[in-house]
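Quick note, the sequences are listed as chains A and B, same order. For the first sequence, my numbering gives the first residue as 1, with consecutive numbering after it. For the second sequence, my numbering gives the first residue as 1, with consecutive numbering after it.
What the hints contain is simulated information worked out from the structure, not anything from laboratory work. The beta carbon of each residue, even a glycine, is placed where N, CA and C say it ideally should be. Where hints are given, some of them may not hold.
To be verified - Now the stretches of chain B that chain A is said to cover, found in silico as 3 or more residues with beta-carbon under 8 Å: (1) 128 to 138; (2) 194 to 203.
Unchecked claim - Calculated pairs, BS3-like style, for lysine-lysine (alpha carbon to alpha carbon, straight line, at most 25 Å): (3) A:Lys235 to A:Lys200; (4) A:Lys122 to A:Lys147; (5) B:Lys34 to B:Lys214; (6) B:Lys220 to A:Lys12; (7) A:Lys151 to A:Lys122; (8) B:Lys113 to A:Lys12; (9) B:Lys214 to B:Lys113; (10) A:Lys12 to B:Lys214; (11) A:Lys151 to A:Lys200.
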Amino acid sequence: MGMLRYLPLILKNCWRNRRRTVLTVASIGVSMCLLGVMIAMFHAMYLSDATPEQALRLVTRNRISLTQDLPESYGSRIRQVPGVQDFLINDWFGGTYIDQRHFFAHFAVDSAKLFAIYPEFKIPADQRQAFERERTACVVGRDLANKYGFKLGDRIHLVGDIYPGDYEFVVRGIFDSPRPSEAMYISREYLEQSLPEARKGRAGTFALMLDSPASATRVAEAIDSQFRNSAAETKTESEQAYLLGFASLLGNVKMFLIGISAAVMFTILLVSANTMAMSVRERVREVGVLKTLGFTPATILSLIVGESVGISLAGGLIGFLLSMMLTSGVGKSPAGMFLPRVPAFQPAVAAACLLAAGAIGFVSSLVPALNASRTSIVEALRSTD
Amino acid sequence: MSETVIETISLTKEFLRDQFHVIALNEVSLEIHKGEFVALMGPSGSGKSTLLHLIAAMDKPTSGEIRVLGHNLRELNDREIAHWRNEHVGFIFQQFNLIPVLTALENVELPLKLTNLKKPERIEHATTALKLVGLGDRLHHLPRQLSGGQEQRVAIARAIVTDPALILADEPTGNLDAASGQEVLVLLAQLNRDFGKTVVLVTHDPHAAQFASKVHYLEKGELV
Chain A
1 MGMLRYLPLI LKNCWRNRRR TVLTVASIGV SMCLLGVMIA MFHAMYLSDA TPEQALRLVT
61 RNRISLTQDL PESYGSRIRQ VPGVQDFLIN DWFGGTYIDQ RHFFAHFAVD SAKLFAIYPE
121 FKIPADQRQA FERERTACVV GRDLANKYGF KLGDRIHLVG DIYPGDYEFV VRGIFDSPRP
181 SEAMYISREY LEQSLPEARK GRAGTFALML DSPASATRVA EAIDSQFRNS AAETKTESEQ
241 AYLLGFASLL GNVKMFLIGI SAAVMFTILL VSANTMAMSV RERVREVGVL KTLGFTPATI
301 LSLIVGESVG ISLAGGLIGF LLSMMLTSGV GKSPAGMFLP RVPAFQPAVA AACLLAAGAI
361 GFVSSLVPAL NASRTSIVEA LRSTD
Chain B
1 MSETVIETIS LTKEFLRDQF HVIALNEVSL EIHKGEFVAL MGPSGSGKST LLHLIAAMDK
61 PTSGEIRVLG HNLRELNDRE IAHWRNEHVG FIFQQFNLIP VLTALENVEL PLKLTNLKKP
121 ERIEHATTAL KLVGLGDRLH HLPRQLSGGQ EQRVAIARAI VTDPALILAD EPTGNLDAAS
181 GQEVLVLLAQ LNRDFGKTVV LVTHDPHAAQ FASKVHYLEK GELV
């Protein structure tokens, strides 16, 4: 209860120089927003658990790089590894819709297996059957359909680059997904028929369905050891790790996130320390008055630190709310397809933003507050503001 | 003879200002008794305010003894002095020194926050103090919404709200017009006469000194 009785005084002091307080809260808010997004991404990428569906899937790709393919024939050997229930060949089509600005993901898959391997994709039975039956059919995610206004029966014209030529697909289904779904799936069989003989029989990746999440490590080792020392060695990994592979094409994402976060913290600490030093310097005389009234140095210290922490926490809260909005935006963007699911609200992010803001407030005010609390009354009263 | 509330023995205060050694007070010995209204007079730089600061334990003497209300102030640590000052001393400044973001009521309530009083009791005490100085209708005014005289009366209410035995005023009329200054002096005299407060007033105004029952003159840090 001790410090609570000073809360009105602390709050009034916070609001004393409104412009400065608003600017300080804003600068801390923006910084904490950036920090919040970084932590949310870091948490989602490196610390979050796989969904139940993801836990049952592995991805086998070429060991050298994501851009190298594998022989299609690997599929039958992979299928024989105990623990593997089924597999799906997933090829990156990479064509262009209208022009480069209208980018979205296009995958060529075994149309009969897509919804079995990805049970989280929900589609009406008749649309699924139409997709499996018709070679030129495609299905699109709800997000993509909403973005471009695609309806059942619409024709989508793509210009291929990895698979050269003009292709036209008919939208036969629109599926819903818990993750961002700006994606289009087409029939791999149709695509194969359009290729020259020399290019046939290759597979981008194999998406494997396991009998149990517990089999994942054993299955991955079994598959990779089976193809060791072959012309095309494999790398089998969890779906999360595979998705992170896309992000890592940008560089050392982990160090990038940590580095940016540290820089943000340090910069805002300097800004905040300068602001608090100015604020305290303007009120040295008042510190002398408070001491004359009987306030102890410890209470003065608490009042100043409390004020700074209060302002910083307000910034931290605003920053967290902004980061929730941004994180939600990242998750819904086309890039969200290639990232693990990033929940908008994460308690760990909220805690990190508020703790970081609190720490900034505390550290930045400590030296000015200590100096003020140690200033003698006579010296403080002599101050001319 | 009534009880001695302030006693200084060979009180000396020296300090360095811009490499110059200054003797602000030199071997000052005096006694002030309970219920007295004492004026400390002297020209600028004579050591009046320094003596007042030492009596309020706002500063420490270089040498000598000082006993106030039975306490040897040199024996108290910072925390004990702060509590002692809050309980026993009401200090009035020349420049009022109200907290600008707080209302008159909140300013007067401030010293009571250091006591064990609950909020309603604090408000009641602060309101009573403000009514006593004639500002019962200005409770929720900010300092900038008050005249200089009213500000000083709020400062007096703040000084007396903890019911201290000792009221120390450092040129309280120095920033006021004649009429407002007169009101403040009447108020101090009333506190001395009607409530038995011991008042020490620092002034260089002979008119103000007339309100005191005893006047001490200081010159170049010495009692004359």
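Structure-based check of all given hints:
no.	hint	verdict
1	128 to 138	violated (count 0)
2	194 to 203	violated (count 0)
3	A:Lys235 to A:Lys200	holds (22 Å)
4	A:Lys122 to A:Lys147	holds (19 Å)
5	B:Lys34 to B:Lys214	holds (12 Å)
6	B:Lys220 to A:Lys12	violated (43 Å)
7	A:Lys151 to A:Lys122	holds (16 Å)
8	B:Lys113 to A:Lys12	holds (16 Å)
9	B:Lys214 to B:Lys113	violated (34 Å)
10	A:Lys12 to B:Lys214	violated (43 Å)
11	A:Lys151 to A:Lys200	violated (32 Å)
Hint check: violations occur at hints 1, 2, 6, 9, 10 and 11; the rest are consistent with the structure.
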